[in-house]
Every structure is written in C-alpha cells, then in structure tokens.
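Which chain is which? The protein sequence lines are V and W, in order.
Numbered per this note's numbering, the first sequence finishes at 289, counting up by one with no gaps.
Numbered per this note's numbering, the second sequence finishes at 278, counting up by one with no gaps.
None of these hints come from the bench; they were simulated from the model.
Nothing here was measured: the structure is a model prediction, and the numbers come from that model.
Careful, some of the hints might be misleading.
[As the list claims (entries may be wrong)] Below are the DSS-like pairs computed for lysine-lysine, each with C-alpha atoms no more than 27 Å apart in a straight line:
no.: 1; chain 1: W; residue 1: K272; chain 2: V; residue 2: K101
no.: 2; chain 1: W; residue 1: K176; chain 2: V; residue 2: K108
no.: 3; chain 1: V; residue 1: K11; chain 2: W; residue 2: K176
no.: 4; chain 1: W; residue 1: K176; chain 2: V; residue 2: K101
no.: 5; chain 1: W; residue 1: K37; chain 2: W; residue 2: K10
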Amino acid sequence: MKKHHLARNEKLTRFALLLIAFSAVTILAVITIFIFVDGTPIMFRHGVKKFLFGLDWYPTEQSFGLLPMITGSLMVTLGALILGVPFGLACAVFLTEFSSKRLRRVIKPVIELLAGIPSVVYGFMGVVILVPFIRDTLGGPGLSVLAASIILGIMILPTIISISIDSLLAVPSTYRDGSIAMGATRWQTVRMVMLPAARSGIIASIILGMGRAIGETMAVIMIAGNAISIPNSILAPVRTLTSNIALEMGYASGEHREALFATGVILFVIIMILNTLANITSAKRARKK
Amino acid sequence: MYLNPRIEQKIVRTVLWLFTFITVAILVFIIVFILRKGLPVVTWEFLSRNPIDMGKSGGIFSTVIGTVALTLMALLVATPLGVGTAIYLAEYTSENRITRIIRFGAECLAGIPSIIFGLFGFILFVTKLGFGWSILSGGLTLAFMILPTIIRTSEEAIRAVPASFRQVSFSLGSTKWQTVSRVVLPSALPGIVTGVILSIGRSIGETAAVIFTAGSVLRLPSSVFSSSRTMAVHFYILAREGISMSMAYGTAAVLVVSILVINLATYYLMEKFIRRYS
Chain V
1 MKKHHLARNE KLTRFALLLI AFSAVTILAV ITIFIFVDGT PIMFRHGVKK
51 FLFGLDWYPT EQSFGLLPMI TGSLMVTLGA LILGVPFGLA CAVFLTEFSS
101 KRLRRVIKPV IELLAGIPSV VYGFMGVVIL VPFIRDTLGG PGLSVLAASI
151 ILGIMILPTI ISISIDSLLA VPSTYRDGSI AMGATRWQTV RMVMLPAARS
201 GIIASIILGM GRAIGETMAV IMIAGNAISI PNSILAPVRT LTSNIALEMG
251 YASGEHREAL FATGVILFVI IMILNTLANI TSAKRARKK
Chain W
1 MYLNPRIEQK IVRTVLWLFT FITVAILVFI IVFILRKGLP VVTWEFLSRN
51 PIDMGKSGGI FSTVIGTVAL TLMALLVATP LGVGTAIYLA EYTSENRITR
101 IIRFGAECLA GIPSIIFGLF GFILFVTKLG FGWSILSGGL TLAFMILPTI
151 IRTSEEAIRA VPASFRQVSF SLGSTKWQTV SRVVLPSALP GIVTGVILSI
201 GRSIGETAAV IFTAGSVLRL PSSVFSSSRT MAVHFYILAR EGISMSMAYG
251 TAAVLVVSIL VINLATYYLM EKFIRRYS
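Generate coordinates for the entire structure from the input sequences, incorporating the hints supplied.
In structure tokens, the structure reads:
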C-alpha cells in the first residue's frame with residue numbers, strides 16, 4: 001500500500017517538474033504573441049515597406065517611417081563591435097594563453113563585475129565624462145553615434161570575454177601541446193591552432209554581444225542624442241529602435257502606441273535572428289566535440 | 001616583412017597585456033569615479049529619509065524599499081520555476097528533443113532586451129490584467145527576465161553534485177524525489193544561491209523593464225498593488241531631468257556598492273562550492 005503511494009507520488013512529481021520546465025518556453029511564446037498581436041496590425045495597415053524604409057517619423061500625423069532608427073541601431077552596434085571585439089578577444093587570449101593562472105583568477109571576476117554594473121550607470125558616465133570630452137575635442141553636440149558606440153563597446157566586453165575564454169579553454173590541451181612541441185611559439189600556436197579551433201565559440205560570443213548592443217536602452221537614450229535623422233557623421237546624434245520605444249512610451253496612445261509596438265516587433269525579429277544564429281554556431285561546436 | 005617569431009611574440013604579448021590593462025582600468029575608473037563623487041552624499045539621513053521635492057533633497061528611503069520589494073517579488077516567482085526546471089533537466093531526463101526545446105527557450109529568453117520585457121509587462125500586467133503600475137507588475141516582469149539565469153546556474157550546480165551521492169541514496173532505498181530533495185538539492189544549495197544572488201544584481205540594476213511596469217511613484221509603497229520607484233529608476237530620472245547631480249551621484253554610489261557586495265558574495269560562494277567538489 002505504502003509503496004504504491006510512493007510510486008504515484010513519484011509520477012506526480014515528475015509531471016509537475018515537466019510542467020515547470022516548460023515555463024521558460026511558455027513565457028517566450030506568450031511574449032512573442034503579445035508583442036506581435038499589438039505590433040503587426042498597424043504595420044500591415046500602413047504597409048510594411050513604409051515602416052521599414054520610411055524616413056519620416058511623425059507618429060501623431062500617421063507617418064511611421066522607422067528607417068532612421070533601424071540605421072541608428074545598426075550604426076551604434078557596428079561601432080560597439082569595432083571597439084569591443086578587438087579588446088574582448090585580446091583580453092580572452094591574454095587571460096587564457098599568456099597570463100599566469102593567478103592573474104586570471106584576479107582579473108576574471110573583475111571583468112564579470114563589468115557585466116553587473118547597471119546600464120544607467122554606464123549612460124551616466126557617458127553623460128558626465130565622454131560626451132563633454134567628445135564635444136570639446138572633436139566638435140559636434142557630443143551626444144553622438146561615437147559616444148554611444150564607445151559606451152556600448154565597453155558594455156559588451158564581458159559577454160565577448162567570458163564566452164571566448166570558455167571556448168578557448170574548451171580546446172583540448174593536446175592541440176596546444178602538439179603545436180608547442182613542433183617548435184611553434186605561443187603566439188603562433190594561438191594564431192594557427194587555438195583561435196581556429198575555438199572559432200565557433202568566439203563567433204557565438206560576438207553575435208551575443210551584438211544582441212546586447214542592439215537591445216540596450218537606457219545607456220543609449222542618455223548619450224546618443226535621439227535625433228530622428230540618418231546621421232551623416234559619427235559625431236551626429238542618432239536615435240535607436242530601443243530609444244524610440246522608451247522615449248515615447250510614456251505619453252503615446254492609439255496608433256502612436258501601436259507604432260511603438262511595431263518598433264518592438266522589428267527589434268524582436270532582429271534579436272531572434274541573432275539568438276538563433278548564436279545557437280546554431282554553438283550547437284556546431286558541441287557536435288564537433 | 002619578416003619578423004623573428006620570438007620578437008613577434010614579445011610584441012603581441014605586450015599589446016595583449018595593454019588591451020587587458022585598459023579594460024580593467026576602465027572598470028576601476030568607473031567605480032572609483034562614482035564612489036568618490038557619491039559616497040560623501042551617502043549618510044544615514046540619505047538612506048533613511050524619503051525623497052523631498054521630487055528628489056532635490058531628502059534621501060532615497062522609499063526607492064530602497066521599492067527596489068527590495070520588486071526584487072523579492074521577482075525571486076519569489078522565478079526561483080521555484082528556475083530551480084524546478086533545472087531539477088527536471090539535470091535529474092529527470094536525458095538529452096532529447098524536449099530538453100533541446102526547453103534550453104532553446106531559456107537561451108532566447110536570456111537574449112531578449114529589457115525594453116521588450118517592459119513592453120510586454122506593460123500590455124499584459126499593467127493593462128490587460130489590470131494590475132496597473134505596481135510592484136506586482138514590475139516583479140512579475142523582472143521574474144521572467146531573471147528566470148534564464150536561475151535555470152542555468154541551478155542546473156550547473158545540480159550537475160556538479162557527484163553521482164556517488166545519488167547512488168548511495170538509491171542503495172538505501174530512497175525514491176528519486178527523496179534523493180533529489182534530501183541529498184542533491186542540499187549539496188547544490190551554494191551553487192543555486194549563487195544564481196539567485198546574481199539575479200538580485202540584475203534586478204537592482206534594471207531600469208527599462210521596470211519603469212514601464214512598476215511606474216515611478218516616489219511614495220512609500222503600501223501593498224503589492226502600489227506603484228513604486230526603484231533606485232535605478234530614481235537615479236535615471238535624477239540624472240536625465242537634471243533634478244540634482246549630488247543626489248544622483250549618491251544614488252549611483254549606493255547602486256554600485258550593492259553590486260560590488262553582490263559580486264563579492266557570488267565569487268566567495270562559487271569558490272567555496274567549486275572547492276568542495278573538486
């Protein structure tokens with residue numbers, strides 16, 4: 001009797017845990033549905049093409065062109081990658097291949113701390129230090145593509161560094177030993193053996209960093225200037241998709257609010273494409289092993 | 001141009017060292033800058049008094065309470081879900097199509113920007129379910145954001161518990177659930193707590209998702225249905241609207257100190273956890 005009871009409880013537990021395990025997928029599905037249901041009707045009503053390639057954003061006069069914001073998001077993200085990728089990879093290679101284990105144990109938590117600092121603090125640092133510096137030395141309003149790129153470049157460093165370190169450490173040490181035994185220097189080993197072997201993980205880290213840069217909101221609002229036009233130089237102000245939502249959400253209503261959800265749809269699609277790409281590249285790596 | 005490999009190696013090493021040094025220097029600069037400007041503002045008065053006149057003077061007490069309430073609400077929802085998912089993934093199944101779907105879902109959720117969570121929380125909790133701008137809406141939204149972190153760290157912690165622990169428990173006649181709840185989970189606890197603390201850090205610093213779901217009312221919240229302003233939102237508003245720079249620095253310093261303490265705690269726990277099982 002008791003035994004039967006226990007067995008039934010086991011089955012119930014297993015079933016309950018399976019339900020709980022689907023919470024993340026369910027939440028993802030619900031978020032997707034809500035954003036699309038509120039965001040896509042207006043896109044089809046006014047034409048998807050107009051949304052994606054329209055240059056004018058006058059939401060109260062039913063003109064919803066998002067091209068300046070799409071360009072803006074892509075520009076600051078590209079800028080962040082140009083700065084963040086070399087620094088991130090350099091740190092990862094230095095910490096795995098050239099530093100002592102003790103130094104790595106000190107520096108790695110410090111870099112993880114970089115990931116913990118709230119984005120508003122980064123934005124604030126941009127406002128009080130970087131923006132005035134750019135205004136005084138390079139000209140322009142200071143609030144600019146350049147300022148946003150630099151701050152985002154710093155913000156994506158922890159993502160790039162920690163995932164690259166993991167994938168470099170995952171390369172079997174026999175690869176390294178073999179190369180060193182053949183007389184290659186450390187750097188030759190890194191360049192010709194380690195980096196190619198860790199390639200898919202490193203690419204995944206860059207894609208995830210990209211996702212973080214495109215999705216960042218508060219820091220960008222504070223330092224990018226938020227002007228609605230396609231910037232003609234890196235010193236010009238710019239508005240991103242995320243800023244567009246956050247800046248106008250507070251007072252928008254009716255079609256204007258729907259248009260902001262449409263902005264969310266575009267952002268969501270970009271992020272999901274990046275996530276899937278990162279997932280495929282790291283799955284490739286897992287299969288290789 | 002031919003460079004002697006040894007010389008090339010020396011140059012590369014120096015350049016890499018320089019890049020790493022700059023990265024660390026940036027971090028140290030940010031922290032030192034905020035603390036030097038902000039800590040002089042942080043007194044007992046500052047922490048224990050409510051903001052006066054939109055935050056121009058007074059303290060930040062109500063925003064500290066708001067932050068704590070929102071974080072607690074998020075943890076109450078996300079911890080059972082996250083740990084449950086981790087137990088299922090690590091103990092009750094092997095790798096198959098279902099686990100791949102679950103993992104993909106968690107990874108995607110981790111990549112979704114906070115502003116999308118904010119939009120979603122606003123439609124579902126604030127308007128459709130009628131919770132309004134409240135601790136409940138904000139806490140639930142944050143719970144969804146931190147869920148992937150809790151799943152990932154808990155699963156790693158559970159998998160790190162040696163298989164022999166389970167074998168001994170089974171050999172004594174325990175069922176699966178008895179083994180999980182009385183042997184595996186207690187052993188994995190420090191690792192799970194690490195994930196929870198990391199999520200606290202994320203909740204404290206979050207702004208975009210919170211501002212549209214919990215609102216920005218400065219009064220002390222009286223129930224889970226009250227709107228409340230967190231420290232991060234307060235700091236953003238102080239700095240963006242230029243209300244008071246010294247109050248902004250003070251709030252930033254409190255935020256940064258909390259994050260420092262949280263990271264130190266996770267680091268300490270992790271070290272202890274790793275040492276125990278290796």
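Comparing the hints with the structure gives:
This hinted pair checks out: K272/W and K101/V have alpha carbons roughly 18 Å apart, not beyond 27 Å. Restraint check for K176/W and K108/V: the C-alpha separation of about 37 Å exceeds 27 Å, so the hint is violated. For the proposed pair K11/V and K176/W, the alpha carbon gap of about 10 Å is at most 27 Å, so the pair holds. Between the alpha carbons of K176/W and K101/V the distance comes to roughly 40 Å, so the proposed pair goes past 27 Å and is violated.
Between K37/W and K10/W the alpha-carbon distance is near 40 Å, which puts this suggested pair outside the 27 Å criterion.
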